[in-house]
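Respectively, the protein sequence lines represent chains A and B. Per the working numbering, the very first residue in the first sequence carries number 1; after that it's consecutive. Per the working numbering, the very first residue in the second sequence carries number 1; after that it's consecutive.
One should not assume that every hint holds.
[Claimed, not checked] Straight-line C-alpha distance at most 27 Å; calculated BS3-like pairs for lysine-lysine: (1) A:Lys790 - B:Lys285; (2) A:Lys206 - B:Lys383; (3) B:Lys312 - B:Lys227; (4) A:Lys790 - B:Lys175; (5) B:Lys285 - A:Lys749; (6) B:Lys94 - B:Lys175; (7) B:Lys285 - B:Lys308; (8) B:Lys331 - A:Lys736; (9) B:Lys197 - B:Lys16.
[Unchecked claim] To list a few chain A residues with every Cβ distance to chain B over 10 Å, as calculated: (10) Phe77; (11) Gln271; (12) Gln430; (13) Glu690; (14) Tyr744; (15) Phe746; (16) Asn944.
Think of the hints as simulated: they come from the structure by calculation, not from any bench. The beta-carbon is built from N, C-alpha and C at its ideal position, and this holds for glycine as well.
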Amino acid sequence: MYKIGIDVGSTTIKCVVLDEKHNIVYKSYRRHRAMIKEKVSELVTMISRDILRGEKAHLALTGSASLGVAERFGIPFVQEVVATQIAVEEYPETIDVVIELGGEDAKILFLTNGVEVRMNGTCAGGTGAFIDQMAVLLDVSVEEMDKLALQAERIYPIASRCGVFAKTDVQPLLNQGARKEDVAASIFHAVVNQTIGGLAQGRELKGKMMFLGGPLTFLKGLQKSFTDVLKLDSNTGVFPENAQYYVAYGAALYAGSEQPADFAALEADMQSAGEIKQYEGGLPPLFSSEDEYNAFKARHAKAVIPEGKLEGYTGRAAIGIDAGSTTVKLVVIGEQDEILFQKYMLSNGKPVELVRETLQEIYTVNPQLRIVGSAATGYGEELVKNAFSLDDGLVETVAHLTAAQKMMPDVDFIIDIGGQDMKCFKIRNQVIDTIFLNEACSSGCGSFISTFATALGYSVKDFAALGLYSKHPVDLGSRCTVFMNSSVKQAQKEGAEVEDISAGLSISVVKNALYKVIRATSAESLGRHIIVQGGTFLNDAILRAFEQEVGVEVIRPNIAGLMGAYGAALYARTLQQNSSTILDAEGLKNFSHETTERVCQLCGNHCKLTVNQFNNGRELIAGNRCERPIKSQDKNFINIQYNAYRYKRDYILKRKSEKGKRGRIGLPMGLNMYENYHFWHPILTSLGYEVVRAPFGSRDVFLEGQATIPSDTVCYPAKMMHGSVTHLIQKQGVNKIFYPCMPYNFDEKISDNHYNCPVVAYYPEVLDANMGILQDVRFIKEYLGPHNEKHFVKKLQQTFKQDNVSAKEAREAAAIGYQQQETYLKDLKRYGKEAIAFAREHNLPIIVLAGRPYHVDPEINHGIDQLITSYGAVVISEDCLPLAKSKFHTNVLNQWTYHARLYSAAHYVCQQPDMYLVQLVSFGCGLDAVTTDEVRDILEKHDNLYTQIKIDEINNLGAVKIRLRSLFAAIAQKNRTKG
Amino acid sequence: MAKLEYDKNGRLMFTKEMKEEYTLLIPMMLPIHFSMLKSILQREGYKVEILETQNSNIIQMGLKYCHNDICYPAQLTIGQLMDALQSGKYDIHKVAVVMTQTGGGCRASNYISLLRKALDRAGLGFVPAVSVNFSGLEENPGFAITKKMIYEMANAIIYGDLLMALHNQTMPYEKEEGASQRLVDHFVAMLNDDFAKGESMGPKAIRKKMDEIVDAFVKVPVHKKNKVRVGIVGEIYVKFAPLGNNNLEAFLLKENAEPVVPGLLDFLLYTIDTGIEDYIRYGGKLVKPVVTKFLMHTFIGIQNDMIKAIEKPGCFHAPSSFKRTKELGGKVIDHGVKMGEGWLLTGEMMALIDEGVNNIVCTQPFGCLPNHVCGRGMMRRIKTIHPDANIVAIDYDAGATKVNQENRLKLMLATARKLQNS
């Protein structure tokens, strides 16, 4: 009797038919485009008619997407990991580890020495679907991307944690002109790192490894990345033939243990069941009738900006270019601000070429055009500005505001959803008041719709149009795109139609913007005069969903996708020049563009710079974290000396250790140790230990410990501790490590309690339980509470009893520790005073870069402190400011020492006219969900600006730069209005 | 109508007048237990409603009124309250909302503040939010939990734990569908009567009642089948609340498994115990040492009585005692880990394995900080000690989908069956 296995993954359906001897007599692999029941039904029909011809056969389904069909038609189901295991057992040699990547799942099976399975968590998105998305981003097919990857020369660090994050890394790389070959290979490397870091979770990958699943079958580049990183050879790395059918094969073998199925009956069953839909729920429709849609269209058709003719235009024209993350927009305006020319293009990773072609087109239409100003904005602002010698550049938020005010002078709220990012800002007194940019985790909503449309086999336009008439849009919630993938899968399982999914996605994009980015609770809080713009709003379904959600009729300019460019053009006109420096037709003819690489030597970060060289010697540096490599060539540039973050790092570096009678002891560097170092170092030194400090964090240090991280959603600073400890043992050769558990922090008497956060408090426990390497050394993770000095002394002696520390020694050491800790905090305050005085003397803004002690780490903060000083501001931290005198009222329970300082600093900042608070927040920090709202409340009550920067493993500062530049633009504007 | 009165920080208080006029709305966590807690509160003169709503608007409300990165339990409980307030079912000038506050170092101590922020945002700032805590964090003239109530609540909890354990062990095997649920309902009604009367129950009376309950369950006709037993541990809300864990118990039952859920009393004991553990580590003053020790002693006593009652007939598995759980937990993690569920979560995993329940679902809200430490963080060590442990960690949050969760659970069950057969 035949055995049949059907494996339904997130994007493909695989089928295998086996004969008695387990030979494959039929196999197929195709995309199911979310029509799961139909595709399974087709297969059943085909097999029943062409192979079985009336006979019965064993059948089993596998794969999460087939759960619904299996339940509905009573077909045996086997969990896909179990199926894989069954299949691999048939392989002639013993396999130790199986790594399987599917459309959306990633799995590792450890088969020997204790069977264990790891599946990707809800947060770890990037797998097959991720690779598909990246290919779209690179504007190549997956096959082409694979070929490109094989010709790579360098690997860029790309966040390996989740797809959206990686995307934020990849886009700017493309915009900066990085080679596609290198980016392609870097993407594959990120997938490998994710598999090792996110999935293996502390268990080493060793022995004979088999690789399964579609991507690992078809993509040689990916195979190569795995082979390289895991150091495999042809013996230890097994890439079997038919790897994409393994799971279906396992299901077929499993089917043998189940009752045979009557295919003729099943065929009839499935076909007659075609019309029944389980899916009922959902949201109200976008439009209840065709008439309603027409009225909506007519209303929006009125929001137009006048147009003129480019051909033969003789007035003074200005050009604005908005080089966004996925699109390039170019606008030419005339003297009446009328649009003479406009173009909206997908950048496909080559913005420079597109701009050149478009300029040529303009010069061809009107060779005599008199251009008096030109400006660029958007992610690719610097690149385009330098390439074509534009007059100026401006931050995109300001460009949008300029354009919006042209349409609606009393506009009080602008929301712009582009391909990759959302920008929203409130306007008060004609000034940008509050800026909301999407955090890295919810970005890409606009482009998500297009990739989703492509994946389902539709054009974006058709896909969006489908949603307009959905009767029951799917409720997908407001989450980042990776989660949406799973929600869509769930809806499909329940039988939702493509129309419902399309409408649901549109509603989700809107909800994301409102509830995740802006966090609005009512339409009134957004303002009454709303302009929506950005390419994503050209989609009527999204526009409608937005109006429905906020309950206000909004204005979508007819050039909703071009507002940035239009704003840049308007701005270029205000430069009031007689002629622009923009390359003319002659200049374009000789235009050339090359990229080379070098390592920046201006500071210890040693950024890998991509240098874009254009003809006439113009060049642009990209890949830099701060502005120094660019501005150091500029003679007006003041290198600001006051940066409390650097001061804190130097303070740590200054502490020297000498050989001690009690030998060497290692201190890992990270989390609370960044501050408590000034407590522990003197104590340990006094006790006669030579303190060996782990280096500051870096990508390399992180990678050293990556494989032992048990929870992939814990914050990056905590993850870094694994590397720090590994480094201490392996590179610095210590055999004793001191890293105490500290649920309680020092009590600074300004809060209800003085806890550390749970991660800081107990991370030594996690290291101890997950790092095998610690078994070989003495790991001191004693529970110590510095808040009770008397008791602390006792505990200190107990802790080092093994080394015969006496009570007297402990008492003296503790005294020195407390005193040094205090000196450190006092020194910070003194430094703060000096910095503030310097800033006031030179009329510079003061940025209070608030966060936690560990945000001082150069890898954790990605050099944001230096970026801010390079913009001409002085950087201090919250602990440089005088603390509140006593307990003060907060709207939340004020129970963590570090956060109490934060609230105290926020209050202080409100009293100062030239101080602005920027809060650094690590992704995954649970406490900051509480603190950020409270800090924002405090600042906004006093009309102060609040800026939040979310940071993670992401190494690219694109979004951070927009935020900071917008902040500085708003500060400048505020100062101007104040006079 | 009760006047709105504020404390010196501007917090709206729950006054004595309100006690007369207002209804307290409480988010549901454990149906059996909460029903009895309600009886106790009612007898003390409070008007109480436990929210049993399960609609999809709840999480929408949670997302709308809470920070999107706050824990899922906060989103759900606050969402459930906001959903109720906006449902039109209540006179919003005659209700107060209730939230627990542990006072530990985890975010959960801040739920009450977040609830107030949510009320403000929704224009419902006039609705008082009442904190239930045992740390003296916020006081209200119209709301107090007396010592007698604490004792009774502990009793209610132990009855709840008992009924939950017996129901879970009987229901998957019952010959007549619904028989064990009927027993649960019967006893809950009976106990509610007792609590309503307010007659104080001594240990002896409690023991008698427990025996009576156990006897009744022994008599339920059952099939002899070898079902896979699956333990459920985790963050307290998603562990217990069906709304939080997508009806995990029901799913396991449907998949032919027997859920094993460590009780609620252990959590209460754990919170009391942390005071003592803190004293050992950091010195200072032991908060009311006599009271603490007395409470520990009493509660441990009734838990032991429950264990004995369950063991007596020989056909039920009794849960591990608090002491045993603590001892086993200590083999893996230090008892100083006291934020969130702390060492108790690890201890419960170890205790389950010790009871022969190797299959465990560790439920956690996505991004739960203490769980990074005591849940996921300890699994490797548990597996080193018990290589046969079959633990699956499941994340719950607004974006996690049932299909992914169920797929993982199915894998755990497949492994469980394989282990059982080998």
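Taking the hints in turn, this is what the structure says about them:
With a C-alpha separation of about 13 Å, the suggested pair Lys790 (chain A) and Lys285 (chain B) falls inside the 27 Å cut-off, and the hint holds. At roughly 19 Å between alpha-carbon atoms, Lys206 (chain A) and Lys383 (chain B) fall within 27 Å of each other, so this suggested pair holds. With a C-alpha separation of about 22 Å, the suggested pair Lys312 (chain B) and Lys227 (chain B) falls inside the 27 Å cut-off, and the hint holds. Between the alpha carbons of Lys790 (chain A) and Lys175 (chain B) the distance comes to roughly 64 Å, so the proposed pair goes past 27 Å and is violated.
Only pairs whose Cα atoms come within 27 Å are accepted, and Lys285 (chain B) paired with Lys749 (chain A) is accepted, the gap being roughly 17 Å. This hinted pair does not check out: Lys94 (chain B) and Lys175 (chain B) have alpha carbons roughly 47 Å apart, beyond 27 Å. Proximity of Lys285 (chain B) to Lys308 (chain B) is assessed by CA-CA distance (about 35 Å); at most 27 Å being required, the pair is judged violated. A distance of roughly 22 Å separates the Cα atoms of Lys331 (chain B) and Lys736 (chain A); the hinted pair therefore holds under the 27 Å criterion.
A threshold of 27 Å between alpha carbons decides the hint, and for Lys197 (chain B) with Lys16 (chain B) the separation of about 23 Å falls inside it, so the pair holds. Look at Phe77 (chain A): its CB is around 8 Å from the nearest CB on chain B, not clear of 10 Å, so calling it non-interface is violated. At the 10 Å boundary, the C-beta of Gln271 (chain A) stays outside the reach of chain B, the nearest C-beta of that chain being 25 Å off. Every C-beta of chain B lies more than 10 Å from that of Gln430 (chain A), the closest at about 27 Å, which supports listing it as non-interface.
No beta-carbon of chain B comes within 10 Å of the beta-carbon of Glu690 (chain A); the shortest separation is about 28 Å. In this structure Tyr744 (chain A) is not separated from chain B by more than 10 Å, as the shortest Cβ-Cβ distance comes to only about 6 Å. Annotated as non-interface, Phe746 (chain A) keeps its C-beta farther than 10 Å from every C-beta of chain B; the closest such distance is 12 Å. No Cβ of chain B approaches the Cβ of Asn944 (chain A) within 10 Å, the least distance being about 19 Å, so the stated non-interface status holds.
Of the numbered hints given earlier, the model fails hints 4, 6, 7, 10 and 14; all others are met.
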